[in-house]
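J.: Residues per chain are reported as follows:
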Amino acid sequence: RKEVEQDPGPFNVPEGATVAFNCTYSNSASQSFFWYRQDCRKEPKLLMSVYSSGNEDGRFTAQLNRASQYISLLIRDSKLSDSATYLCVVKTGTASKLTFGTGTRLQVTL
Amino acid sequence: DGGITQSPKYLFRKEGQNVTLSCEQNLNHDAMYWYRQDPGQGLRLIYYSQIVNDFQKGDIAEGYSVSREKKESFPLTVTSAQKNPTAFYLCASSMQPGLPQHFGDGTRLSIL
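Those protein sequences? They're chains A and B, same order as listed. If you're matching positions, the first sequence starts at -1 in this note's numbering and goes up one per residue. If you're matching positions, the second sequence starts at 77 in this note's numbering and goes up one per residue.
Next comes chain B alone, as it looks inside the complex (with noise of 0.2 Å):
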């Protein structure tokens, strides 16, 4: 079945740690996305890849990085700057940008 796995489901990260979260799609989409959701809030966008080897910032890029080499994987990076890491994360992909998105299960990220 094609689809988006994220994995893990749950993460914790000790305070100064990376941590990297997974994203792989077999759905031959061009666009992948990472998204943020915290509670009472709608999701915010992290980074965005149109195609392979190209990536742009979303509205919250900072304290996170990516890297877009393959076309079915987009990992994300929360790194030791991002001071507020708890939310749910999700990744995204579309045939091409803007069109509807389908989503991953999510990566629900916590601090220890």
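Same shape as in the complex, but just chain A (with noise of 0.2 Å):
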């Protein structure tokens, strides 16, 4: 099983949709969550972090389940410039590394 899951997408929505993406990860020992963007050809980019209780960044909000091993990242009020991949990625114990999920592709058009 990998280290942290993702489903590839593409995820395809309409402007103005609210869109869903959960991330599962196989260590009950990982501490530090994090959600990534990824644009086409670009280098990633920090979005947000998860925090235990639930966090919200305008329309984005990130969600960690500890009893079930996933985090998840919703998108309210899509716009077409959120079209981009979407890196989950998890910090485990005293590791210095980050592992990064493969990513869930997101689409949006008018």
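A hint or two may mislead.
Heads up, simulated BS3-like pairs for lysine-lysine below, C-alpha to C-alpha not over 27 Å straight-line [what the hints assert, rightly or not]: (1) A:Lys89 / B:Lys147; (2) B:Lys146 / A:Lys95; (3) B:Lys146 / A:Lys43.
Since the hints were made in silico from the structure, they are not lab data.
Once you've looked at the hints, go ahead and assemble the two chains, each given alone in its own frame, into the complex.
T.: As structure tokens, this is what we get:
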């Protein structure tokens, strides 16, 4: 089983829609969680960290479910500019490294 | 402006040749990382360094080498032992190991 798994998509949604992505992780000792956004042929950029109590940043809401070992990203009122690949990232234990999922591709259309 | 600079943006390697990818940061970050990204795959960690003069192998270190002689610089050499080097190479840094990482804009390496 992969350490971090994501549905590759693509998720095709109309502008204004609400869309949610899930990401599962295999190691119950995982401590920190992040969502990154990667545009086509560009570098990943940090979108938001995911806190235990859930957190919101504008139209974006991230949640963590430790019991089921998944994190989610909800995007409300989707914009064309939200079209990108969203990477789930997990830090486990005392490891210095982060583990990246393969990403979920979102395509927002008119 | 603070950031991470990778060069070159595009690089072509001949068979049997070693090539070096540059990564420089002026964020005063202690930790630096090299990743490789292939189509349809996630980022895979090649090497990382938590502090100057120290570095550790990642998940796919074979065929690669690094050095960390200065805090600001973490060059990656793709050696001739790396049989499938064509990929998008990303350098990243973070204030401390395990914290969110900031990425350079990458180097695309291709085989001639």
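J.: Please list, smallest to largest, the hint numbers that this structure does not respect.
T.: Hint check: nothing fails, all pass.
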